[in-house]
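Read top to bottom, the protein sequences are chains A and B. When we follow this note's numbering, the leftmost residue of the first sequence carries the number 1, and every step to the right adds one. When we follow this note's numbering, the leftmost residue of the second sequence carries the number 337, and every step to the right adds one.
Hints in this document: simulated from the structure, not taken from any laboratory. For glycine and all other residues, C-beta sits at the position ideal for the given N, C-alpha and C. Be a bit skeptical, because a hint or two may be false.
[Stated by the list, open to error] Computed footprint of chain A on chain B, listed as stretches where at least three residues anywhere in the stretch have a Cβ under 8 angstroms from a Cβ of chain A:
# : region
1 : 397 to 404
2 : 429 to 440
3 : 463 to 476
4 : 479 to 493
[Said to hold, decoys possible] Anything over 12 angstroms on all C-beta distances counts as not near chain B; from chain A, calculated:
# : residue
5 : Glu15
6 : Pro133
7 : Ala201
[To be verified] Selected chain B positions facing chain A (Cβ under 8 angstroms, derived; list incomplete):
#  : residue
8  : Asp381
9  : Val385
10 : Ala388
11 : Pro389
12 : Gly391
13 : Val394
14 : Val443
15 : Leu579
2 protein chains.
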Amino acid sequence: MDAGGETAAPATGAETLGSLGETAVLGRIFPRLPDAASALLGPGDDAAVVAAPDGRFVVTTDTLVHGPDFRLAWSSAFQLGWKAAATNLADVAAMGARPTALVVALVAPASTPAVWLEQLADGLREACAALAPGCGVVGGDLSVSDTLTIAVTAFGELEGRAPVLRSRARPGDLVAVCGELGLAGEGIALLFARAVDDAGAPDAARAAALRPAFDRVLDAQLAPAPPIASGVAAALAGATAMLDVSDGLALDARRIAEASGVAVDLDAAAVGSRMALTGGEDHALLATFPAGAALPSGFRVIGRVRAGAPAVLVDGRAFDARGGWDPYADWDGRVG
Amino acid sequence: MDAGGETAAPATGAETLGSLGETAVLGRIFPRLPDAASALLGPGDDAAVVAAPDGRFVVTTDTLVHGPDFRLAWSSAFQLGWKAAATNLADVAAMGARPTALVVALVAPASTPAVWLEQLADGLREACAALAPGCGVVGGDLSVSDTLTIAVTAFGELEGRAPVLRSRARPGDLVAVCGELGLAGEGIALLFARAVDDAGAPDAARAAALRPAFDRVLDAQLAPAPPIASGVAAALAGATAMLDVSDGLALDARRIAEASGVAVDLDAAAVGSRMALTGGEDHALLATFPAGAALPSGFRVIGRVRAGAPAVLVDGRAFDARGGWDPYADWDGRVG
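Here chain A stands alone, though its shape is the one from the complex (with noise of 0.2 angstroms):
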């Protein structure tokens, strides 16, 4: 059901949310979302029915609000889409599942032209089909008002196995990540710095402008793409705890230190910079793994787990992000 336009009119830019109608817009979008292999009943009732094989489901939301978390001038509605779809999938596998399903509530201005969802929902689509095989969209709803937001829940399933918590970290273990540190939060940066207009307002011209010199952060920042098999890799291979380092890693190693009762003590040199250690939306998974745990493929060691109050060190030295220590200050004054 992914080929949408062998299906559907293909939309012209004059018709729009209001103009077409709630009915008309989801004729357009639904035949562009991607089935789920797990749906039993897909939409079109009041609800639809997921297989749950182990007779359980993971379950996560999460809310991209314009504003926020994103601003038109520099996202595409098919980035949107895909960040939003990835963001999710990153909750699920960071408890060890396999993404199975989405659904979506999307709540746009009746401005919205249609051919600006269909191209969100292409974006949801092709996230999925590129980071989650199999999982799809198997409901949602569409409303009217002037903030464009885009909430969507995310299922997973455990295949049998225990889900991977934040509070099973034990002195000893290996501190691992799988994914890209930093990156994101360069983009975003990059962007609030050179891409925004005399009054400092995001400007799409400009944003454009950075490209191609800065496709991978920007890539890294609009629409990521997270390790999502890795969960389940590194549910497989024993991880004690895991997360989806989404505020930034200082940030979340300390919720894995809180959560488990341990200090998290982290390896400057192999974090590698200031921005690896606290920008935010990366979506790499964190996880610990018993020592002598062979970690799967794309887990690189960044610490060691100690014994000790909850706290997040750096090279065995406490660590503050707001503000005390700084071992990459030279590294943080260059990108502002």
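Here the structure of chain A is known, so what remains is to put chain B in place on it, guided by the hints.
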């Protein structure tokens, strides 16, 4: 965990989402939310884990947006929390499923008082307790935006039964409804007629002045109490098709007619009024049963399924909600 006052200091009116920050506000809200009996892992990690004993789960999502879906001058926070839960629970019930859990994505202005958010949580909790005991909140997300938006995703279990679809009504079936028809439509018509200021804007004082004389229709609109448990009862009684009446009986009956390839012939006297036929937001359950089935408690017969082109008939004559023959013209004129 439903006695939030015992585990968190009461919020004062001066504290807002913006002044307290997301983490502190979540600390206020979570103790007030209902536990889900089906939660294997509740809020606090990247995702929750919910039991699905028969290897499937039902899922639906519906959003309330300030402006199109509610007005703060008319709805209290408690009522909004209640309605957001109730409307989603009704969609689960309409599949013949028992509601198990909710996730809530709340987007609110930074100026929103913390106590308002607490009252919203109270409404979610009390709706679950009253309408679907055992159903609770397993996760959520809190974001900031100018437009207050509440996106709820609800889950249910089918307990080994087939879901009751819209598409299996058969000629000869009885058409029956459980729950009130038309009251919610009367409520919104009353509010727009008599609870607006001289410029036509929603007015809280004028809405308050309508109570207690109009409690019944205002409550049906602002804090509906759909017959959630009757969804399972209908499935057990052999319902062939069912849906949640959200857009008015005539329009939702048409959905069954079109999905099933039948005509639905409604009895004008049994339906009772024009508003019962066309008013929205009833969240009653409309179902079809084989002739001779023992209807579950609360269901009343309002028509019959007939062979023929998909259509809604009233007393055997084609009914078109947008004009055409109107069996209740006199009554309609009375509420405007």
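Structure-based check of all given hints:
1. 397 to 404: With 7 residues closer than 8 angstroms to chain A, the region 397 to 404 of chain B meets the three-residue bar; holds.
2. 429 to 440: holds (count 6)
3. 463 to 476: It holds: at least three residues are needed, and the region 463 to 476 of chain B offers 3 whose Cβ sits within less than 8 angstroms of chain A.
4. 479 to 493: holds (count 11)
5. Glu15: holds, 20 angstroms
6. Pro133: Pro133(A) is indeed farther than 12 angstroms from all Cβ atoms of chain B, at 20 angstroms.
7. Ala201: holds, 16 angstroms
8. Asp381: holds, 6 angstroms
9. Val385: For Val385(B), the interface hint holds, since the closest Cβ of chain A sits about 5 angstroms away, which is under 8 angstroms.
10. Ala388: Holds - the Cβ of Ala388(B) comes within 8 angstroms of chain A, reaching about 4 angstroms at its closest.
11. Pro389: holds, 6 angstroms
12. Gly391: Because about 6 angstroms separates Gly391(B) from the closest Cβ in chain A, which is inside the 8 angstroms limit, the hint holds.
13. Val394: holds, 5 angstroms
14. Val443: holds, 6 angstroms
15. Leu579: holds, 5 angstroms
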